[in-house]
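Q: Line order of the protein sequences matches chains A and B. Residues in the first sequence are numbered consecutively from 39, following my numbering. Residues in the second sequence are numbered consecutively from 54, following my numbering.
Please keep in mind that the hints were generated in silico from the structure rather than gathered at the bench. Treat the hints loosely; a few may be bogus.
Computed cross-link-like contacts, DSS-like style, restricted to lysine-lysine with a CA-CA straight-line distance of at most 27 angstroms [as the list claims (entries may be wrong)]:
#1 B:Lys248 x A:Lys147
#2 A:Lys106 x A:Lys134
#3 A:Lys134 x A:Lys79
#4 A:Lys108 x A:Lys163
#5 B:Lys267 x A:Lys134
#6 A:Lys79 x A:Lys163
#7 A:Lys135 x A:Lys42
#8 A:Lys135 x B:Lys267
#9 A:Lys135 x A:Lys62
Cβ-to-Cβ under 8 angstroms is the rule here; a few derived chain A residues that face chain B [unchecked claim]:
#10 Ser49
#11 Thr51
#12 Val52
#13 Gln54
#14 Tyr58
#15 Arg97
#16 Glu124
#17 Lys134
#18 Ala138
#19 Lys139
#20 Val143
#21 Phe146
#22 Pro148
Using N, Cα and C, we set each Cβ at its ideal position, and we do this for glycine too.
Chain by chain, the residues:
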Amino acid sequence: MGQKILVVDDSETVRQQVEYALTKADLEVIHAEDGVIGWEKLTENDDIGLVICDVNMPRMNGLELVEKIKQSGRYDNLPIVMLTTEGSPQLIQQAKKAGAKGWVVKPFKPELLVKATTKILAKNKAA
Amino acid sequence: MRVGLLKGRRFGCDAEEVRGIGSRTSSGEVAVPTPIMLSLSSKQGTGTLLSELVCDAFAQGTQGLFEYATQLPAPEHAASLSVVGQTWAGVVGFTASELRGSLVVNMNEHMVVNSLPAEVRARVSSDLSDPTLQRTLNDWCGEVANQIVGRAKNRIAGYGPLLTMSSPISLRASGMVWGGSSSTHEFRQRLEYQKGQLLSIASVTIERDHLVEKIPANSAASEGEMMMF
Chain A
39 MGQKILVVDD SETVRQQVEY ALTKADLEVI HAEDGVIGWE KLTENDDIGL
89 VICDVNMPRM NGLELVEKIK QSGRYDNLPI VMLTTEGSPQ LIQQAKKAGA
139 KGWVVKPFKP ELLVKATTKI LAKNKAA
Chain B
54 MRVGLLKGRR FGCDAEEVRG IGSRTSSGEV AVPTPIMLSL SSKQGTGTLL
104 SELVCDAFAQ GTQGLFEYAT QLPAPEHAAS LSVVGQTWAG VVGFTASELR
154 GSLVVNMNEH MVVNSLPAEV RARVSSDLSD PTLQRTLNDW CGEVANQIVG
204 RAKNRIAGYG PLLTMSSPIS LRASGMVWGG SSSTHEFRQR LEYQKGQLLS
254 IASVTIERDH LVEKIPANSA ASEGEMMMF
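Same shape as in the complex, but just chain A (with noise of 0.2 angstroms):
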């Protein structure tokens, strides 16, 4: 198994969706239903390689986990990238420069969703 990616999404059938996307390209999975479970998650296992997180979620929402995750200072190469039905040039930028790498808007093909985590990925590993 490759790389762990934590997905966050507050809907149990898009994490799925994702999941059986990115097993298929031999990545391993875990699951946060909010902002407060992903950070959680986050904390708990040292070898994430990449976020995968939803805008609209309860409690905390992706964009706040994301400058939570940026603001710690302890996940400066930790790629993260956003796959919300948002599309906003503002929310984009709000999470450009809070530090994500990619924004994907549902409905979504899972094969893009894998070429772009396996590129960042890669390239995060090279760097």
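We have chain A already, so just place chain B on it with the hints.
A: Same frame as chain A, but now just chain B:
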């Protein structure tokens, strides 16, 4: 084949404008489908009525999601406005400075199953009473409503109003009946596929209907789009 889109109470757009992704002829042959197209009534430079924009956004949001995400074939003739049998409904509320409302997406159970992402559908039980499948359908029904409102939100944002969305909720019941609401505008769209039916109801209160113009800087990314920074 045709899409059933009915003009709701005091609704600002004409159902005839969205008619037609093809129609069945009297001989039973299927006419060549044409892309769904809602012609907003205003001319370039004079803006678009907010109510028409909202109508268009939800019409295309519903139709587009089921075409893009589910790859289901074009809808069959929509004969009535009810969804029969065991049904699910996903509900999402939304608000902006100039409008507020909710979207209900009511689907029969087969429709929910058939609209699941292919990777998930391939792995779920075919037994509709299976508790795991029921949990998946409960979740997915809310997510469908969430994605439709998300699509509409992106479209509307291009003209200024920025919707804030609630978390989705899901309901399951037989014979759901959707009565009128106190909203100023209501839009109902029914799509019928070989393997299921759905009814989408957007109830929207617009404080003051007025002309809005496209703001190029607000143009949102479209579904499936991927940006790397």
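Q: Now, for every hint given, state plainly whether the structure supports it.
A: Now for the hints, and whether the structure bears them out:
1. B:Lys248 x A:Lys147: 23 angstroms, holds
2. A:Lys106 x A:Lys134: Distance of about 14 angstroms is within 27 angstroms: holds.
3. A:Lys134 x A:Lys79: 23 angstroms, holds
4. A:Lys108 x A:Lys163: Since the Cα atoms of A:Lys108 and A:Lys163 sit roughly 19 angstroms apart, the hinted pair holds (cutoff 27 angstroms).
5. B:Lys267 x A:Lys134: Answer holds: B:Lys267 to A:Lys134 is near 25 angstroms, not above 27 angstroms.
6. A:Lys79 x A:Lys163: 22 angstroms, holds
7. A:Lys135 x A:Lys42: Satisfied, since the Cα-Cα distance of roughly 25 angstroms is no more than 27 angstroms.
8. A:Lys135 x B:Lys267: Judged against 27 angstroms, a Cα distance of about 26 angstroms means the pair holds.
9. A:Lys135 x A:Lys62: 32 angstroms, violated
10. Ser49: 4 angstroms, holds
11. Thr51: 4 angstroms, holds
12. Val52: 6 angstroms, holds
13. Gln54: A:Gln54 check passes; min Cβ-Cβ to chain B is 5 angstroms, inside 8 angstroms.
14. Tyr58: 4 angstroms, holds
15. Arg97: 10 angstroms, violated
16. Glu124: At about 7 angstroms, which falls below the 8 angstroms cut-off, the nearest Cβ of chain B leaves the hint on A:Glu124 intact, so it holds.
17. Lys134: 5 angstroms, holds
18. Ala138: 7 angstroms, holds
19. Lys139: Cβ of A:Lys139 sits 6 angstroms from chain B, so the hint holds.
20. Val143: 5 angstroms, holds
21. Phe146: A:Phe146 check passes; min Cβ-Cβ to chain B is 6 angstroms, inside 8 angstroms.
22. Pro148: At about 6 angstroms, which falls below the 8 angstroms cut-off, the nearest Cβ of chain B leaves the hint on A:Pro148 intact, so it holds.
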